[in-house]
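My request is simple: use the sequences and hints to build the entire structure.
If you read the protein sequences in the order shown, they are chains A and B. Reminder that position 229 of the first sequence reads as 229 in our numbering, one-by-one numbering, no gaps. With positions in the second sequence counted from 1, the corresponding number in our numbering is that position plus 250.
The reader is advised that the hints may include incorrect statements.
Unchecked claim - SDA-like cross-link-like pairs, simulated, lysine to any residue; straight-line CA separation at most 20 Å:
no., chain 1, residue 1, chain 2, residue 2
1, B, Lys717, A, Ala120
2, B, Lys702, A, Ser142
3, B, Lys702, A, Asp139
4, B, Lys673, A, Tyr54
5, A, Lys111, B, Lys292
6, A, Lys115, B, Thr688
7, B, Lys702, A, Gly148
8, A, Lys21, A, Asp62
9, B, Lys702, A, Tyr100
10, B, Lys702, A, Ile141
11, B, Lys292, B, Thr314
12, B, Lys673, A, Gly148
13, B, Lys717, A, Asp139
14, B, Lys702, A, Val91
15, A, Lys111, B, Glu690
16, A, Lys13, B, Asp676
17, B, Lys673, A, Gly95
Calculated directly from the structure, the hints in this document are not laboratory data. Just so it is clear, the structure is predicted and the values come from calculations on it, not from any experiment.
What follows is each chain in one-letter form.
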Amino acid sequence: MSTVMKIENLEAKIGDKKILKGLNLELEAGKVHAIMGPNGAGKSTLSKTIVGHYDVEVLGGDITYKGKSIVDMDAEERALEGIFLSFQHPVEIPGVNNAYFLRTALNAKRKHEGKEALNAAEFLRLMKSHLEMLGMKSDMISRSLNEGFSGGEKKRNEILQMLILEPEVIILDEIDSGLDIDALRAVSEGINKMKDGKRTFLVITHYSRILDYIEPDYIHVLKDGKVIKTAGPELVAQLEEHGYDAIEEE
Amino acid sequence: MANEGLDKAVSGEYALGFEIDIETEIVPPGLDENTIKFISNKKEEPEWMLELRLKALKKWETMTEPHWAKLDYTPIDYQSISYYAAPKEQLDSLDEVDPKILEAYEKLGISLEEQKQLAGVKVAVDAVIDSVSVKTTYSAELEKHGVIFCSISEAIRDYPELIKKYMFSVVPMADNYFAALNSAVFTDGTFVYIPKGVRCPMELSTYFRINATNTGQFERTLIVADEGSYVSYNEGCSAPTRDEHQLHAAVVELIILKDAEIKYSTIQNWYPGDENGKGGIYNFVTKRAICEGDNSKVSWTQVETGSAITWKYPSCILKGDNSVGEFYSVAVTTLAQQADTGTKMIHIGKNTKSTIISKGISAMKGQNTYRGLVKINASAVGARNYSECDSLLIGSKCGAHTFPYLESKDTQGQVEHEATTSKISDEQLFYLRQRGITEEDAVSMIVHGFCKQVFSQLPMEYAVEAKALLELTLEGSVG
Numbered sequence: 001m002s003t004v005m006k007i008e009n010l011e012a013k014i015g016d017k018k019i020l021k022g023l024n025l026e027l028e029a030g031k032v033h034a035i036m037g038p039n040g041a042g043k044s045t046l047s048k049t050i051v052g053h054y055d056v057e058v059l060g061g062d063i064t065y066k067g068k069s070i071v072d073m074d075a076e077e078r079a080l081e082g083i084f085l086s087f088q089h090p091v092e093i094p095g096v097n098n099a100y101f102l103r104t105a106l107n108a109k110r111k112h113e114g115k116e117a118l119n120a121a122e123f124l125r126l127m128k129s130h131l132e133m134l135g136m137k138s139d140m141i142s143r144s145l146n147e148g149f150s151g152g153e154k155k156r157n158e159i160l161q162m163l164i165l166e167p168e169v170i171i172l173d174e175i176d177s178g179l180d181i182d183a184l185r186a187v188s189e190g191i192n193k194m195k196d197g198k199r200t201f202l203v204i205t206h207y208s209r210i211l212d213y214i215e216p217d218y219i220h221v222l223k224d225g226k227v228i229k230t231a232g233p234e235l236v237a238q239l240e241e242h243g244y245d246a247i248e249e250e
Numbered sequence: 251m252a253n254e255g256l257d258k259a260v261s262g263e264y265a266l267g268f269e270i271d272i273e274t275e276i277v278p279p280g281l282d283e284n285t286i287k288f289i290s291n292k293k294e295e296p297e298w299m300l301e302l303r304l305k306a307l308k309k310w311e312t313m314t315e316p317h318w319a320k321l322d323y324t325p326i327d328y329q330s331i332s333y334y335a336a337p338k339e340q341l342d343s344l345d346e347v348d349p350k351i352l353e354a355y356e357k358l359g360i361s362l363e364e365q366k367q368l369a370g371v372k373v374a375v376d377a378v379i380d381s382v383s384v385k386t387t388y389s390a391e392l393e394k395h396g397v398i399f400c401s402i403s404e405a406i407r408d409y410p411e412l413i414k415k416y417m418f419s420v421v422p423m424a425d426n427y428f429a430a431l432n433s434a435v436f437t438d439g440t441f442v443y444i445p446k447g448v449r450c451p452m453e454l455s456t457y458f459r460i461n462a463t464n465t466g467q468f469e470r471t472l473i474v475a476d477e478g479s480y481v482s483y484n485e486g487c488s489a490p491t492r493d494e495h496q497l498h499a500a501v502v503e504l505i506i507l508k509d510a511e512i513k514y515s516t517i518q519n520w521y522p523g524d525e526n527g528k529g530g531i532y533n534f535v536t537k538r539a540i541c542e543g544d545n546s547k548v549s550w551t552q553v554e555t556g557s558a559i560t561w562k563y564p565s566c567i568l569k570g571d572n573s574v575g576e577f578y579s580v581a582v583t584t585l586a587q588q589a590d591t592g593t594k595m596i597h598i599g600k601n602t603k604s605t606i607i608s609k610g611i612s613a614m615k616g617q618n619t620y621r622g623l624v625k626i627n628a629s630a631v632g633a634r635n636y637s638e639c640d641s642l643l644i645g646s647k648c649g650a651h652t653f654p655y656l657e658s659k660d661t662q663g664q665v666e667h668e669a670t671t672s673k674i675s676d677e678q679l680f681y682l683r684q685r686g687i688t689e690e691d692a693v694s695m696i697v698h699g700f701c702k703q704v705f706s707q708l709p710m711e712y713a714v715e716a717k718a719l720l721e722l723t724l725e726g727s728v729g
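As structure tokens, then:
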């Protein structure tokens, strides 16, 4: 197996509160990893730490991505290197045109990769093709980024960004929260489209619902700032039946 | 992390701080009757104009400098300023403009050569350096439509009836301290007259440049839109980087007759001084429009990025029934800049309507104040106003203040006011950075989004310029 990301003995705090307490996790390239765990286990902190969020202070341990340590990298650099976070609560940015934002992001990435920038017309074609697939209206092109979007629209827009930016490691933080069944289907379809055996997914969830749509290869159980169990997808059924308390640390 | 970054990203370099290397004729500092006579004589003005100037001087001498604005600055010594400076070679033919001046204007992004512009959108330009207009383009072509577009000095000589009728009619000579000073010493500026029923065939613009040291610039602009006419007018300005403060006290009067419309846009980019408040232009400006006739309309759009001190309240007197006044403003204060700006909407006619959209952006030690008055007279039955004043703070050392005043004598008038103050949040910045956008680009994206409503009011070419200018101004204040 080839490892795309390795987290070793990671300790991190937010404010004065230590949340990650020696977390170990290995992500196998091209696989879907689900992180499950009770509220307060540190699931969101883990995703924030990977993308370099300003709230988090790393106290010890390391995260290596494609063999390089990333804990001292700027957030934008991690993004350009291919790490993507689908936010649980995407923030509204008034007046910033959604298409303009996305084209700027895509062209920043293309520049980083030594590729030529896409012009407005080329980009629009690309964006439109994805909009349709996600069941999004064409006014998403001109609306302001996340402003006044419904919960479902916000999540679809996150997936749209993922499809356009084509990242290598994709973190989905509670992607299914607040979605109705149609939105859930559309979002899952978008995600499954990206499953090409090369991209790696880290699906953070405390419900198993999304896992019916995106079949995980591995389940990692997170509790009190540590991964306490890693198993195959069969673990989902067990968790549903017995809850997290029944899981013993390995 | 965000704050240090922000500061770095909003302390952009002033790009237009060069000096034009030309010989200048400049009068010694000081202001008295002789100064006025000298200016009037230089301009070859008729006797009646000189008399008006002297009257204004007398009034000014009895007035005191106002200090009600939220501005803090070293007192201005009016006797230490030189009131007239002009490029030495006075040229008769417009084709003989000093190549250095043409070059300087090219550097400012403005072409004074008509043939060079033919490929793109035509914009007629009046170029004013210090106290004189050096060139006005397209005058001949405009004349075919009956449009008068010339320097105010020429207008005083060539169109005395129009000047006598309209000058001082909107901003009376002793309206306020700075207007009175301007009325006495104004040196150049632009005059525009659009005849009945004419839609001005091109954008008109004036570009003001302060160049000489130790001088003030006192221009006067007068635009008359006769019945059923339309004009879009733009002004821009810049000045060299200097350690001492320079005074700019202008007056703009707009007269809009029945069914006519004036769209007036300003991109103000005077030298702002440095981060310690050293140098920079003191900008004390009186701008006022009167919607004299029924169904007339005026809109002021301003993008204010320059000056150490800005004191400016473009106003609309809505006298005609159904007349409409609009004010769209973006004011940026970074470094140690201070701005006290806003508008006055005076509703007199029936069913008059006004809209105020003000966007203040403060960064570093910048202080930004919105001050606005909406006044609805008893006669203004059915008047409506909508005001929106939003402030955006970048970093924690800057300030934003809002002083909206409302006087309504019509109980049925509809007045809506909304105000917000927001900070560029770390969360917004992070979101954009997580998509691979640098912090600087993220700030400029958020700021542009904030200003969108105002930029969309500018003519296309100017909107592009305004965006670029904003980017440059805020460059380096985040990082």
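Against the structure, the hints:
1. B/Lys717 - A/Ala120: Given that 20 Å is the threshold and the Cα spacing comes to 18 Å, the pair holds.
2. B/Lys702 - A/Ser142: Holds - the C-alpha atoms of A/Ser142 and B/Lys702 are around 13 Å apart, at most 20 Å.
3. B/Lys702 - A/Asp139: Holds, because 18 Å separates the two Cα atoms, which is no more than 20 Å.
4. B/Lys673 - A/Tyr54: With a Cα-Cα distance of about 17 Å, the restraint between B/Lys673 and A/Tyr54 holds, given a limit of 20 Å.
5. A/Lys111 - B/Lys292: Answer violated: A/Lys111 to B/Lys292 is near 58 Å, above 20 Å.
6. A/Lys115 - B/Thr688: 18 Å, holds
7. B/Lys702 - A/Gly148: OK: B/Lys702 and A/Gly148 at ~17 Å, within 20 Å.
8. A/Lys21 - A/Asp62: 12 Å, holds
9. B/Lys702 - A/Tyr100: Judged against 20 Å, a Cα distance of about 13 Å means the pair holds.
10. B/Lys702 - A/Ile141: 16 Å, holds
11. B/Lys292 - B/Thr314: Judged against 20 Å, a Cα distance of about 29 Å means the pair is violated.
12. B/Lys673 - A/Gly148: 19 Å, holds
13. B/Lys717 - A/Asp139: 24 Å, violated
14. B/Lys702 - A/Val91: Since the Cα atoms of B/Lys702 and A/Val91 sit roughly 19 Å apart, the hinted pair holds (cutoff 20 Å).
15. A/Lys111 - B/Glu690: 17 Å, holds
16. A/Lys13 - B/Asp676: Within the cut-off at roughly 18 Å; holds.
17. B/Lys673 - A/Gly95: 15 Å, holds
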